[in-house]
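These protein sequence lines map, in sequence, to chains C and A.
Residues 8 to 474 (my numbering) make up the first sequence, in order.
Residues 116 to 720 (my numbering) make up the second sequence, in order.
Here are the simulated distance ranges between beta carbons: (1) Gln401/C x Ala306/A: 45 to 55 Å; (2) Ser643/A x Pro399/C: 52 to 62 Å; (3) Arg608/A x Ala363/C: 58 to 68 Å; (4) Arg315/A x Asp427/C: 53 to 63 Å; (5) Pro106/C x Ala644/A: 31 to 41 Å; (6) Asp303/A x His249/C: 30 to 40 Å; (7) Gly156/C x Gln453/A: 18 to 28 Å; (8) Asp427/C x Glu305/A: 41 to 51 Å; (9) His154/A x Ala233/C: 55 to 65 Å.
Worth flagging that the hints you see were computed from the coordinates, not collected in a lab.
Where is the CB? At the ideal position from N, CA and C, for every residue including glycine.
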Amino acid sequence: MGEADLLAGIADALRTILPEQRWFAGKGLPVLGVTPVRAIVLGGTDPQLVDAIVQVDQGERHDRYQLMLGVRSELPEALGHAWVAGIADRAVYQAEHDPELTAQLLALMNQNAQIDGLRFATEPGVTLDTEQRSRPIGVEQSNTSLVYGQTYILKLYRKLEAGLSPDLELHRALAAVGCKHIAAPLGNIEGELDGEPITYGMLTEFLRGTADGWAMATASVRDLLADDLLVDGATGSTRHPHPGDVGGDFASEAHRLGHAVATVHADLATALGSSPAPEGYPDEVAGRMHRKLDTVLAEVPELAAHESTLRASYDAVRGLAGPVPVQRVHGDLHLGQALRSVTGWILIDFEGEPMAPLAERVAPSSPLRDVAGMLRSFDYAANHMPLGDADPQQRATAAVEWATRNQEAFCDGYAQVAPDPREQAVLLRAFELEKAVYEVGYEHNNRPLWIQIPLAAIARLTDRPAP
Amino acid sequence: MSVDLRPEHPADLDGVPHTGEAVLPDGHLVEPQAEDFRHAKAAPQDLHWYKRAVFYEVLVRAFRDHDGNGTGDLRGLTSKLDYLEWLGVDCLWLPPFYASPLRDGGYDISDFRAVLPEFGTVEDFVALLDEAHRRGIRVITDLVMNHTSDQHPWFLESRRDPDGPYGDFYVWSEKDTGYADARIIFVDTEASNWTYDPVRGQFYWHRFFSHQPDLNFENSEVGEAMIDVLRFWLDLGIDGFRLDAVPYLFEEEGTNCENLPRTHEFLKRCRKVVDDEYPDRVLLAEANQWPADVVEYFGDPATGGDEAHMAFHFPLMPRIFMAVRRESRFPISEILAQTPPIPSGAQWGIFLRNHDELTLEMVTDEERDYMYAEYASDPRMKANIGIRRRLAPLLDNDRNQQELFTALLLSLPGSPVLYYGDEIGMGDNIWLGDRDSVRTPMQWTPDRNAGFSSCDPGRIYLPVIMDPVYGYQAINVEAQSNSSQSLLNWTRRMIHVRHEHPAFGLGDFTELGSSNPSVLAYRRHHASAGDGTSPVEDLVICVNNLSRFPQPVELDLSEHEGGVPVELTGGVHFPPIGELPYLLTLPGHGFYWFQITRPDSEREV
Numbered sequence: 008m009g010e011a012d013l014l015a016g017i018a019d020a021l022r023t024i025l026p027e028q029r030w031f032a033g034k035g036l037p038v039l040g041v042t043p044v045r046a047i048v049l050g051g052t053d054p055q056l057v058d059a060i061v062q063v064d065q066g067e068r069h070d071r072y073q074l075m076l077g078v079r080s081e082l083p084e085a086l087g088h089a090w091v092a093g094i095a096d097r098a099v100y101q102a103e104h105d106p107e108l109t110a111q112l113l114a115l116m117n118q119n120a121q122i123d124g125l126r127f128a129t130e131p132g133v134t135l136d137t138e139q140r141s142r143p144i145g146v147e148q149s150n151t152s153l154v155y156g157q158t159y160i161l162k163l164y165r166k167l168e169a170g171l172s173p174d175l176e177l178h179r180a181l182a183a184v185g186c187k188h189i190a191a192p193l194g195n196i197e198g199e200l201d202g203e204p205i206t207y208g209m210l211t212e213f214l215r216g217t218a219d220g221w222a223m224a225t226a227s228v229r230d231l232l233a234d235d236l237l238v239d240g241a242t243g244s245t246r247h248p249h250p251g252d253v254g255g256d257f258a259s260e261a262h263r264l265g266h267a268v269a270t271v272h273a274d275l276a277t278a279l280g281s282s283p284a285p286e287g288y289p290d291e292v293a294g295r296m297h298r299k300l301d302t303v304l305a306e307v308p309e310l311a312a313h314e315s316t317l318r319a320s321y322d323a324v325r326g327l328a329g330p331v332p333v334q335r336v337h338g339d340l341h342l343g344q345a346l347r348s349v350t351g352w353i354l355i356d357f358e359g360e361p362m363a364p365l366a367e368r369v370a371p372s373s374p375l376r377d378v379a380g381m382l383r384s385f386d387y388a389a390n391h392m393p394l395g396d397a398d399p400q401q402r403a404t405a406a407v408e409w410a411t412r413n414q415e416a417f418c419d420g421y422a423q424v425a426p427d428p429r430e431q432a433v434l435l436r437a438f439e440l441e442k443a444v445y446e447v448g449y450e451h452n453n454r455p456l457w458i459q460i461p462l463a464a465i466a467r468l469t470d471r472p473a474p
Numbered sequence: 116m117s118v119d120l121r122p123e124h125p126a127d128l129d130g131v132p133h134t135g136e137a138v139l140p141d142g143h144l145v146e147p148q149a150e151d152f153r154h155a156k157a158a159p160q161d162l163h164w165y166k167r168a169v170f171y172e173v174l175v176r177a178f179r180d181h182d183g184n185g186t187g188d189l190r191g192l193t194s195k196l197d198y199l200e201w202l203g204v205d206c207l208w209l210p211p212f213y214a215s216p217l218r219d220g221g222y223d224i225s226d227f228r229a230v231l232p233e234f235g236t237v238e239d240f241v242a243l244l245d246e247a248h249r250r251g252i253r254v255i256t257d258l259v260m261n262h263t264s265d266q267h268p269w270f271l272e273s274r275r276d277p278d279g280p281y282g283d284f285y286v287w288s289e290k291d292t293g294y295a296d297a298r299i300i301f302v303d304t305e306a307s308n309w310t311y312d313p314v315r316g317q318f319y320w321h322r323f324f325s326h327q328p329d330l331n332f333e334n335s336e337v338g339e340a341m342i343d344v345l346r347f348w349l350d351l352g353i354d355g356f357r358l359d360a361v362p363y364l365f366e367e368e369g370t371n372c373e374n375l376p377r378t379h380e381f382l383k384r385c386r387k388v389v390d391d392e393y394p395d396r397v398l399l400a401e402a403n404q405w406p407a408d409v410v411e412y413f414g415d416p417a418t419g420g421d422e423a424h425m426a427f428h429f430p431l432m433p434r435i436f437m438a439v440r441r442e443s444r445f446p447i448s449e450i451l452a453q454t455p456p457i458p459s460g461a462q463w464g465i466f467l468r469n470h471d472e473l474t475l476e477m478v479t480d481e482e483r484d485y486m487y488a489e490y491a492s493d494p495r496m497k498a499n500i501g502i503r504r505r506l507a508p509l510l511d512n513d514r515n516q517q518e519l520f521t522a523l524l525l526s527l528p529g530s531p532v533l534y535y536g537d538e539i540g541m542g543d544n545i546w547l548g549d550r551d552s553v554r555t556p557m558q559w560t561p562d563r564n565a566g567f568s569s570c571d572p573g574r575i576y577l578p579v580i581m582d583p584v585y586g587y588q589a590i591n592v593e594a595q596s597n598s599s600q601s602l603l604n605w606t607r608r609m610i611h612v613r614h615e616h617p618a619f620g621l622g623d624f625t626e627l628g629s630s631n632p633s634v635l636a637y638r639r640h641h642a643s644a645g646d647g648t649s650p651v652e653d654l655v656i657c658v659n660n661l662s663r664f665p666q667p668v669e670l671d672l673s674e675h676e677g678g679v680p681v682e683l684t685g686g687v688h689f690p691p692i693g694e695l696p697y698l699l700t701l702p703g704h705g706f707y708w709f710q711i712t713r714p715d716s717e718r719e720v
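Kindly generate the complete structure, drawing on both the sequences and the hints.
In structure tokens, the structure reads:
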């Protein structure tokens, strides 16, 4: 059976299976067709490992996806859930569930193998232990990750895009300057498609025993809201304790996290440069913010009340005096992208803003965008709790106090390494608002009950006296 | 207000053997010898007993008053050994019971070879050893090698006769400017490490209080004299020493006079005496330092360790409290990750509370900065760690938290040291002042003086606790012995579970991370050679919920795929471990101890 036959044979099955995958980007649109692009046998005969690309036609969307397929004459029962289709007496299945096949990927990297334009490689000086068995961990939106033993993690990119992945590019650059706040890159799978470079996979060290910043921050919020209410002796009124006075205080972690983010920014600047933004940068940023606002305003009527103050905040960026330093940044920083290990904070997923085109994701930007992303994330953590409260107003007050305390601690930590972000208040506030407007649009379409979180933030941010 | 236990004069040793009863023609003081006393029968030989042992710190003064004078004594303690055996204690740690003017809780020793009269006699101590050993319980005590009381006959001789045999026993100087780089430890009470002695007309060196002159270890006779003190008690049958203030034995100009190489050399000499003459006795170093520095006191890893057998792990305790307060495992995970491996013959001592709570000032600068950063805005936390409180009041008398803390103490790497009274959840008396608040009489019964003493209540050395929550009528051994659900019986069961599993004392420690920051999980694993009768492998998984809320956790146990977790307190079999992460749910402040049994042994059940 040729590889082309294999893909043609399963194309129909994929029309059903692909939209069920977590990483499938075109959810909600009907799949009109699945077209084989190419398939490469990576090794073995029975079982056999095949790296495949298909194009999915959804009318306005034409996305290409990478699939790891296994082919066996007999599929063991334990792999039944991975079944895709049967063709010519053989079972085709999703190979990421089969440790026997995924082990070959490490071996190919060790050999620096090249197969039909797919290039496997280890990073300089790395030799991999190929005995590690893998298992998929299924939490990410845009890719599939395989954890090998407790040692490596392989990120397989699903929706393919032309160009070197910023994730791989920035991990390499940061590793080259000895950055302590990333997982070390160990290997990669790259190649060309239609004459353009593509990143198919990235292997990094697996940091065992980490917890993400979101889980830690929300544990702190939970602790605060569950603490006994304080009673004012004079008035008899009650209120939540101050977040700094309860055991679950997160400020020292937020401070360390700010320090870590600023260190990563400094390392990125060392590795890939930092320079004053070109003259038109403030206008360009403000223009982009206005355009995004236009889109969301058209969809979300509740935002209209804030339009004039939002536009005023954006326009203030145009008048910035002095040069704005720009450099490569993370681009999609939030608490979920920070992992706490026993030695400190690690940042992951340097892909840049999801959905944005590659050129935009790799464009130099003010690092304040990352800071703003993290400040917004603290606000979300403070407000996400689905717990009831006798008095929503008290709860809101406590949430603002928690968010403010940790945002300030984050900025304090950041300012130990780099200029204090709060000193560039106009730009920082505009970035925060830009992010909040994006959130309004997102919540409107996906989680309408949550829309009050970014709307309240916009009200608060625009209510402050102009910086 | 603190109760002053200090007599006007040094301990009255008339009528009992003591140092300086007679003077030899060359000026040397006659000192009591071990041959003058009966020797205790040794405990059964067991080279690594201290690695598996559960230690119990007990103040002689506070445990049981035998003669009815209001102060606990050695005979009283001996009379309570049945209780300690029942509880499962393997080794008693007694703070100093030597003759002393008691200006520093007995750490100011005025005669290394005599017992403080109010506690009894050397004979009483030998009787305690005999009775303890008969029950398989060992006994260690503190020994201060760095300094003596200024009432010790050595010092009295040294200041009187600079040219006599003791003239060079202490660190004397014409000036008070030497060793300027050594920090002053008790900054609140001492302005300098030098104090002028008008009798001798010179300054003497002291790292602690001015009434505790440092011995001069540069003088080889001092080292010999101290080793003879070790031999004196070891000959009587003691099972080891907690060596107090070990980092300070030697001084050297231009250094901070801590952890000097010659100090380590002297410890190696002490260890050699123990190894050659008294195998299976232990030395426990008190070095209140960062773990990376403390491991130096275990000595050479190539030999399995040739200095102290044990040392306390100081930073772990406050971090356990912090982790539960933060509902985050990282304070504990971090300190354990920063703790270097120790030699094969060495063991940490770990504790939650003791008689002399460490303050934040006593840990290293690095650790103190970390702790201050964490506690800066949390007044309750800062006060709780700094002030001497007992475990139960520290945890708001919350039974779940007391159980969680005890489970951590009994399962983290090291030998646990319980503090007397914490097994019944005794309270403290903050009105006594911080030194005495946790040293009140042990609460045995609801009767007069809590069953501690038959004396008139006004004579008792410290009042028994009488408040409605922690008072002796509510909290006492008798009542808790009779209730199967009491904290006492629970603690006893946990100690017995620990004894059944060598992994706790001898095993490796591996933290099992998870994505839930509030859950601390780890594996203890011990593989023994196996002689056909004992199990070859012991594998225990401990999972602790540091949060007050119920929590889920997914553990990667895939390397034990096929194994069956058996809960250790109830023996309940949990579902077998598969390839996928193992899901557990824990109640608030809950914990599990599991033994992982192999599928083949499972079939035999």
